[in-house]
Amino acid sequence: MNVISGIQITGSALTAEKTRMDIVAQNIANAQTTKGADGKPYHRKVVSFETLMNGSAPGAPAGGVQVASVTDDPTPGPMVYNPGHPDADSKGMVAMPNVNLAYEMVDLISSTRGYEANLAVVRNAKQMAHKALTIGH
Amino acid sequence: MSVIASLTSLFNRPPTGEIDLSNLQQSVAGLSKGSAAGGIDLTNLQESSPVITEALANAGATQSAGSRKSFSDILEKLVGEVDGSIKAADAEKAKVLSGESTNLHQAMIAMQEAGVAFSMMVEVRNKLVESYQEIMRMQV
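Chain order of the listed sequences is A and B. The opening position of the first sequence corresponds to residue 412 in our numbering, with each subsequent residue numbered one higher. The opening position of the second sequence corresponds to residue 469 in our numbering, with each subsequent residue numbered one higher.
Careful: at least some of the hints might be erroneous.
Covered stretches of chain B, going by a simulated chain A footprint (3 or more residues, C-beta under 8 Å) [to be verified]:
| id | stretch |
| --- | --- |
| 1 | 547–556 |
| 2 | 573–587 |
Over 10 Å on every C-beta distance to chain A, these chain B residues come out as not near it, computed from the model [claimed, not checked]:
| id | residue |
| --- | --- |
| 3 | Gly-567 |
| 4 | Val-597 |
| 5 | Ser-599 |
| 6 | Glu-602 |
Calculated from the structure, these hints are not laboratory results. All C-beta atoms, glycine included, are put in the ideal place defined by N, C-alpha and C.
Using the sequences plus the hints, can you model the full thing?
This is the structure we're talking about:
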């Protein structure tokens, strides 16, 4: 039974925005990580979304959104002179992650606002359903 | 009048997630049978009133030529679906609370959906009781 129309689509958007915020959290948390699993400094992750098509996933709402991919931002990070650092090379330079906190804060605000916009859709869809139930009162 | 009694008690109970609607389903099933003491046979009513039949058809009842769906079947289906959505919301809530899922919004959406579905069922029940009382007041 689908009493609140379109709410599954909004639900998928909320999931997607939450994933975006998770990735921002990961980027900010690793802003100083000079050694990842591959021994290289952390690369900033970028999320891209895609529209859900009919039958793209079982039970997925058509017209909704999902995370298409989480890819590394390939731009090189800054080199910082820090000879005391354990990951410093022979010249005392340390390759830092390419995380720019200003970008991450903008992404953070953008995902929060996106989430809020979708919550507003949920709220209004619910209000519409409730109002429809008062027909005849 | 067990149907009305159970429907009324259901209405008076707060719409928490722990409502067991199976009782109601049983009483709804008994609705069309019509008990001797003041029962009302809605199957006959449906046959006698073209408006209700049309309304039932519009309500999404798949009526094939041979098998006619009775009003109680549709009502039972409605109650079953509302029960299902409440149970789904419960499952989502349990998933979030046990840490299996972090999708808080899915649980909240499922709970809101269950709440709206429940309100709709209550509205249907109100209309049903209203029309029953209307019929009982009828002069013969």
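Whether chain A covers the stretch 573–587 of chain B (at least 3 residues having a Cβ closer than 8 Å to its Cβ atoms) | holds (count 8)
Regarding the assertion that B:Gly-567 does not contact chain A, is the least Cβ-Cβ distance greater than 10 Å?
-> holds, 16 Å
Closer than 8 Å, Cβ to Cβ, for at least three residues: run that test on the stretch 547–556 of chain B against chain A and report holds or violated.
-> Contact hint for the stretch 547–556 of chain B vs chain A: holds, 4 residues under 8 Å.
Cβ separation check - B:Val-597 to all of chain A, threshold 10 Å = Holds: least Cβ distance 14 Å, greater than 10 Å.
Chain A versus B:Ser-599 - minimum CB to CB distance exceeding 10 Å, so not interface = The assertion about B:Ser-599 holds, with a minimum of 12 Å to chain A.
Non-interface claim for B:Glu-602 versus chain A (Cβ beyond 10 Å) | holds, 14 Å
Of the hints listed earlier, there is not a single one the structure fails to meet.
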